[in-house]
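*Asks:* Listed below, chain by chain, are the residues.
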Amino acid sequence: MLPPGKYFTDGNFAATEGALYGGCRFFAGYPITPSSEILERMSRRLPEVGGHFIEMEDEIASIAAIIGASNGGLKSMTATSGPGFSLMQENIGLGMITETPTVIIDEMRAGPSTGIPTRVGQGDVMQTRWGSHGDLAPITYSPNSVQESFDLTILAFNSAEIYRQPVIIASDQVIGHLSEILTVGNPEEYEVIQRLTRKKANGNHNTFSYSDDFIPMFVPGTGFRGNVDSLTHDEMGYPSNDASVEREMLEHLLGKIKRNETKIIRFEEYMTDDAKVIVVAYGITSRSAKKAVKNARDEGLKVGLFRPITLWPFPEGRIVELAEKTRKFIVPEINYGQYSHPVREFSRRETEEIHFPPGAIPDFKIILREIERSFT
Amino acid sequence: MTVNIRIYGMGGQGIITLAKLIGEAAVEDGKSAIMTEEYSPYVTGGWSTADLIISDHEIDYPLIENLDYLVTLSQEGLEKNLESIKMSSKLITEKSLVKVPDLYKKQAFEIPGIELAKSLNNPKGTNMVIMGAIGGVTKSFSKESGRAAISKRFPSFSEININCFDRGFEEVTRPG
Numbered sequence: 001m002l003p004p005g006k007y008f009t010d011g012n013f014a015a016t017e018g019a020l021y022g023g024c025r026f027f028a029g030y031p032i033t034p035s036s037e038i039l040e041r042m043s044r045r046l047p048e049v050g051g052h053f054i055e056m057e058d059e060i061a062s063i064a065a066i067i068g069a070s071n072g073g074l075k076s077m078t079a080t081s082g083p084g085f086s087l088m089q090e091n092i093g094l095g096m097i098t099e100t101p102t103v104i105i106d107e108m109r110a111g112p113s114t115g116i117p118t119r120v121g122q123g124d125v126m127q128t129r130w131g132s133h134g135d136l137a138p139i140t141y142s143p144n145s146v147q148e149s150f151d152l153t154i155l156a157f158n159s160a161e162i163y164r165q166p167v168i169i170a171s172d173q174v175i176g177h178l179s180e181i182l183t184v185g186n187p188e189e190y191e192v193i194q195r196l197t198r199k200k201a202n203g204n205h206n207t208f209s210y211s212d213d214f215i216p217m218f219v220p221g222t223g224f225r226g227n228v229d230s231l232t233h234d235e236m237g238y239p240s241n242d243a244s245v246e247r248e249m250l251e252h253l254l255g256k257i258k259r260n261e262t263k264i265i266r267f268e269e270y271m272t273d274d275a276k277v278i279v280v281a282y283g284i285t286s287r288s289a290k291k292a293v294k295n296a297r298d299e300g301l302k303v304g305l306f307r308p309i310t311l312w313p314f315p316e317g318r319i320v321e322l323a324e325k326t327r328k329f330i331v332p333e334i335n336y337g338q339y340s341h342p343v344r345e346f347s348r349r350e351t352e353e354i355h356f357p358p359g360a361i362p363d364f365k366i367i368l369r370e371i372e373r374s375f376t
Numbered sequence: 001m002t003v004n005i006r007i008y009g010m011g012g013q014g015i016i017t018l019a020k021l022i023g024e025a026a027v028e029d030g031k032s033a034i035m036t037e038e039y040s041p042y043v044t045g046g047w048s049t050a051d052l053i054i055s056d057h058e059i060d061y062p063l064i065e066n067l068d069y070l071v072t073l074s075q076e077g078l079e080k081n082l083e084s085i086k087m088s089s090k091l092i093t094e095k096s097l098v099k100v101p102d103l104y105k106k107q108a109f110e111i112p113g114i115e116l117a118k119s120l121n122n123p124k125g126t127n128m129v130i131m132g133a134i135g136g137v138t139k140s141f142s143k144e145s146g147r148a149a150i151s152k153r154f155p156s157f158s159e160i161n162i163n164c165f166d167r168g169f170e171e172v173t174r175p176g
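Here the protein sequences line up with chains A and B, keeping their order. Okay, so the first sequence: first residue is 1 according to our numbering, each after it adds one. Okay, so the second sequence: first residue is 1 according to our numbering, each after it adds one.
Where hints are given, some of them may not hold.
Derived DSS-like pairs (lysine-lysine); straight-line CA-CA distance at most 30 Å [to be verified]: (1) A/K365 with A/K328; (2) B/K99 with A/K6; (3) A/K325 with A/K258; (4) B/K105 with B/K152; (5) A/K199 with A/K302; (6) B/K90 with A/K365; (7) B/K152 with B/K106; (8) B/K105 with A/K6; (9) A/K6 with B/K152; (10) B/K86 with A/K365; (11) B/K86 with A/K294; (12) B/K143 with A/K365; (13) B/K152 with B/K99; (14) B/K106 with B/K80; (15) B/K139 with B/K86; (16) A/K328 with A/K258; (17) B/K139 with B/K106; (18) B/K95 with B/K106; (19) B/K99 with B/K86.
Distance windows between CB atoms, simulated [what the hints assert, rightly or not]: (20) A/Y336 with B/P101: 36 to 46 Å; (21) A/G68 with B/G30: 24 to 34 Å; (22) B/P112 with A/I60: 48 to 58 Å; (23) B/P175 with A/Y336: 37 to 47 Å; (24) B/G30 with A/K365: 26 to 36 Å; (25) A/T222 with B/P123: 54 to 64 Å.
Hints are computed from structural coordinates only; laboratory data are not their basis. Keep in mind the model is a prediction, meaning the values are calculated, not measured. Cβ atoms here follow ideal geometry from the backbone N, Cα and C, with glycine treated the same way.
Here chain A stands alone, though its shape is the one from the complex (with noise of 0.2 Å):
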């Protein structure tokens, strides 16, 4: 593991080396701007600690792949950019439908489809939320610096394992290329969740439960006989037409997220006591909007921030309890307009949506300017 101590680096090595640390053991990808120095970086450094790297046909193959070695026993995760993730999304789903643990890197670019791949976009935040078709309970983090994505990609591996679903990480260009200090304290400060299995049966033949929120998993060809299915299945993992199981199955499926939402969600806030006005902003938009929190402040203005660590599931409870006190929330975004749209749908508050257009780090004056508007 990478040894404790200060280092200036940039946020694609921060997540490889985090990886590293919350166990995966099996990556498999394809190159795509900005992310491929994650895949560089796994397939010289798997090897030295055990573990495997696959560079795959495209991205279809990679998710396929790290679905299918989770359920052979390893930690896996894959990273991407959007057209990769878009190319994800059918198995994505896949991994929901059979509880399989994993984790997702997707470093947002400037889009649609190829965009610009060396420039900075946050389209794909919706994407992350309703990408895969049917109902989802997706967890996805957002990282605004290299520190955080060392140690939020350590927490989506533990998350992965508690409520077996795969996890995104929905970065962005900036933040994967962006340099900093990263400081990594000693292996005994990180919490890493091990992977429980079941290797006999115990009287308990089913594959899965659905009156529990955590089953531990099995790994085929040690003494388990289970079943592992894309269709709709029972607690014994066998396909059915029945509505009913449907019902039980996406209850337990959608119930394990929602019954522990307290736990899972994060967020930062920034003097947001008496503000009269929340600016809400996540990944490297949040740093832009931090500085103009700060100078509106100095203005005397009654200004706060709101920073989702977590995108999904939306800190709903937060945001309708700062809304009480606030009568407008702006959202800058690097894209058209996304995230503002279930803050303004849980705040029932005046949401301001600012615009960056994909292609640059915003400009905090931007967001300045509309703060002061907010006040006059």
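Dock chain B against the given chain A, drawing on the hints supplied.
*Replies:* The following block gives chain B in isolation, referenced to the frame of chain A:
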């Protein structure tokens, strides 16, 4: 104190490597550093640029607001950034690739990096000469930390690169 440096060049000249080494050296000196990079998405020969902020304080916002130093290894780098150059800004250029207009001559350090690297038998070491010059002009990192960052990055070629770095440093700091 906060120092803002923009380094500009062509893909293959080692711009990003150079900027990362400066950041590493500054962090080694106990400072904060942040670096953003941009490059054209194509091939060797496209443009490449890195923005570095080095400060005694923590840095949140990664964009340069006031350009203190423009380092450029291509004519395009000078022309693209003319608007950001203030009276107080300093220029560091590769002499054989950048023609500095008379207006800016007084604030420019024109470094014959390619020639110096060649004379030290390390033609690939131009970026190391420039790194030395940046260290000497900006004083944003110490000579020792600069050398240490180079040794760490190029363990097998540490000496020839450090020679280039030292020569660049000397070029801008020698009296007269």
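*Asks:* For every hint, state whether the structure bears it out.
*Replies:* Each hint, compared with the structure:
no. : hint                           : in the structure
1   : A/K365 with A/K328             : holds (19 Å)
2   : B/K99 with A/K6                : violated (40 Å)
3   : A/K325 with A/K258             : holds (26 Å)
4   : B/K105 with B/K152             : violated (36 Å)
5   : A/K199 with A/K302             : violated (58 Å)
6   : B/K90 with A/K365              : holds (26 Å)
7   : B/K152 with B/K106             : violated (36 Å)
8   : B/K105 with A/K6               : violated (40 Å)
9   : A/K6 with B/K152               : holds (14 Å)
10  : B/K86 with A/K365              : holds (20 Å)
11  : B/K86 with A/K294              : holds (26 Å)
12  : B/K143 with A/K365             : violated (37 Å)
13  : B/K152 with B/K99              : violated (34 Å)
14  : B/K106 with B/K80              : holds (20 Å)
15  : B/K139 with B/K86              : holds (19 Å)
16  : A/K328 with A/K258             : holds (27 Å)
17  : B/K139 with B/K106             : holds (19 Å)
18  : B/K95 with B/K106              : holds (14 Å)
19  : B/K99 with B/K86               : holds (18 Å)
20  : A/Y336 with B/P101: 36 to 46 Å : holds (41 Å)
21  : A/G68 with B/G30: 24 to 34 Å   : violated (47 Å)
22  : B/P112 with A/I60: 48 to 58 Å  : holds (53 Å)
23  : B/P175 with A/Y336: 37 to 47 Å : violated (58 Å)
24  : B/G30 with A/K365: 26 to 36 Å  : holds (31 Å)
25  : A/T222 with B/P123: 54 to 64 Å : holds (58 Å)
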